[in-house]
Amino acid sequence: MNSFREIARDMVFIIILSSVVAAGINLFHPRGFILVGKSEYGRKQVVDISVEEAKVKYDSDISVFIDTRDSQLFRHERIKGAVSVPALPESVRAAAFEKHFQLLSQGKEVVLYCSGSGCGDSSMVADALMAMDYSRVIYIIKKGIPGWKDAGHPVSEGRNK
Amino acid sequence: MERCGSSRIRRKEQVKIEDRRVGFVKQVLYGNSVSAVVRIVLGVLMLFSGWFKVLDPEGFSAVIVQYDLMPAAWASWPALVLPVVECMIGLFLLFGFRIRAASLLAALMMLFFTGAIAINLARGNIFDCGCFELNRLGIGIDETLSPLLIVRDLVLCGAFMLVFFVKRHIFSFEAMREQMHLENIE
Chain A
4 MNSFREIARD MVFIIILSSV VAAGINLFHP RGFILVGKSE YGRKQVVDIS
54 VEEAKVKYDS DISVFIDTRD SQLFRHERIK GAVSVPALPE SVRAAAFEKH
104 FQLLSQGKEV VLYCSGSGCG DSSMVADALM AMDYSRVIYI IKKGIPGWKD
154 AGHPVSEGRN K
Chain B
27 MERCGSSRIR RKEQVKIEDR RVGFVKQVLY GNSVSAVVRI VLGVLMLFSG
77 WFKVLDPEGF SAVIVQYDLM PAAWASWPAL VLPVVECMIG LFLLFGFRIR
127 AASLLAALMM LFFTGAIAIN LARGNIFDCG CFELNRLGIG IDETLSPLLI
177 VRDLVLCGAF MLVFFVKRHI FSFEAMREQM HLENIE
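Chains A and B supply the protein sequences, listed in that same order.
If you count by my numbering, then the first sequence holds residues 4 to 164, one letter each, in order.
If you count by my numbering, then the second sequence holds residues 27 to 212, one letter each, in order.
It is worth saying that the hints were derived from the structure and are not from the lab.
Errors might be hidden in some of the hints.
Below, simulated DMTMM-like cross-link-like pairs (lysine to aspartate or glutamate); rule was C-alpha separation at most 20 Å, straight line [what the hints assert, rightly or not]:
#1 A:Lys-152 / A:Glu-56
#2 A:Lys-145 / A:Asp-51
#3 A:Lys-111 / B:Asp-168
#4 B:Lys-193 / A:Asp-13
#5 A:Lys-83 / A:Asp-64
#6 A:Lys-111 / A:Asp-136
#7 A:Lys-58 / A:Glu-160
#8 A:Lys-111 / A:Asp-130
#9 B:Lys-193 / A:Glu-160
Calculated Cβ distances over 12 Å to all of chain B for the following chain A residues [unchecked claim]:
#10 Arg-12
#11 Val-24
#12 Gly-35
#13 Phe-36
#14 Val-49
#15 Ala-97
#16 Phe-104
#17 Gly-119
#18 Met-133
#19 Ala-154
Just so you know, even glycine gets a beta-carbon here, dropped at the ideal spot from N, CA and C.
Start from the sequences, fold in the hints, and give me the full structure.
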């Protein structure tokens, strides 16, 4: 009986020790889990960045820039190389996602922008991406295309890319 | 008369062979080099299988979700802890520390995995079991759910129970500690 108790105690010891070690590993694991609530997780997944940070991503060619404004505004003016995924209407957005699916599944970072800090288009597209089980961090240029233009970064105008 | 004599000799030989067999089992259960090798091999197996899962918690959580035994949102905690438990059991068995607890825990885990596989086989689900991840070592073993996998896990469960019932473990920390204790008494 005593020996059984001792074994049970040791088994509990192994499980507790493993749990503590696992929690420690998770804190430093590059692909560890984020242990926060669901709403908090959504906020953690979407990160606002400055125009300068966006330019670094632009230059390193590791990101896909997505214009979330109306398609007319996109045709008029856009960040050079960006693709259009309008936040509304939903059907156009879904079609645009389908069109650019290949681009999104290449493992590149997603950088969204709209008309500035007040516009909600980027957040809407970010929500739609998360609803599609997109699990990577989504970046939003806080000052949008006006901030990008003011900094003198490359912009395309007119119909052709 | 002669026939009677030869059958008696044959019977004696049979008894001797059986004695030897019983002797071997007794020796293994008492603790000899065979039981030590079994313990060390099982330890290395658990250590490797746990380690590969530690490297990819997201992948292992996807495997747990496939078994469909709990809500998908709960899968991340076992995906983190189970591989570390496997590593711990592996280390404990390898170095021979808290062997009985480690082997019993491993046997219970094997029983649990067998049950999980059996349930999914009964449901008609077929996918890679994500058991030992030996493919990562270049050992191409098919780990798709099948009755053979249940047999394999039960055999492993039996092996862990064998280690559990071994009385003395040579080449182990426990044996070394006992030896030191005896030397101190002397």
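Restraint check for Lys-111 (chain A) with Asp-136 (chain A), where alpha carbons must lie at most 20 Å apart = holds (15 Å)
Is the hinted pair Lys-111 (chain A) and Asp-130 (chain A) satisfied, with a Cα-Cα distance of at most 20 Å?
-> Distance of about 18 Å is within 20 Å: holds.
Regarding the assertion that Gly-119 (chain A) does not contact chain B, is the least Cβ-Cβ distance greater than 12 Å?
-> holds (35 Å)
Decide if the proposed pair is consistent with the structure: Lys-152 (chain A) and Glu-56 (chain A), CA atoms, cutoff 20 Å inclusive.
-> The given pair, whose Cα atoms are some 14 Å apart, holds under the 20 Å limit.
Beyond 12 Å from every Cβ of chain B: is that where the Cβ of Met-133 (chain A) lies?
-> holds (15 Å)
Take a quick look at whether Lys-111 (chain A) and Asp-168 (chain B) sit within 20 Å of each other, Cα to Cα.
-> Roughly 33 Å separates the two Cα atoms, so the pair is violated.
May I ask you to check that Val-24 (chain A) keeps its beta-carbon over 12 Å from the closest beta-carbon of chain B?
-> About 5 Å separates Val-24 (chain A) from the closest Cβ of chain B, which leaves it inside 12 Å; violated.
Separation of Arg-12 (chain A) from chain B, once the least beta-carbon distance is taken, above 12 Å = Given a closest Cβ separation of 8 Å, the condition is violated.
Least C-beta distance between Ala-97 (chain A) and chain B, which was stated to exceed 12 Å = Holds, since 24 Å exceeds 12 Å.
Report holds if the minimum CB distance from Ala-154 (chain A) to chain B is greater than 12 Å, and violated otherwise.
-> holds (36 Å)
Going straight from one Cα to the other, do Lys-193 (chain B) and Asp-13 (chain A) come out at no more than 20 Å?
-> holds (17 Å)
Is Lys-193 (chain B) within 20 Å of Glu-160 (chain A), Cα to Cα?
-> Violated - the C-alpha atoms of Glu-160 (chain A) and Lys-193 (chain B) are around 81 Å apart, more than 20 Å.
Consistency with the previously given hints fails for numbers 3, 9, 10, 11, 12, 13, ordered from lowest to highest.
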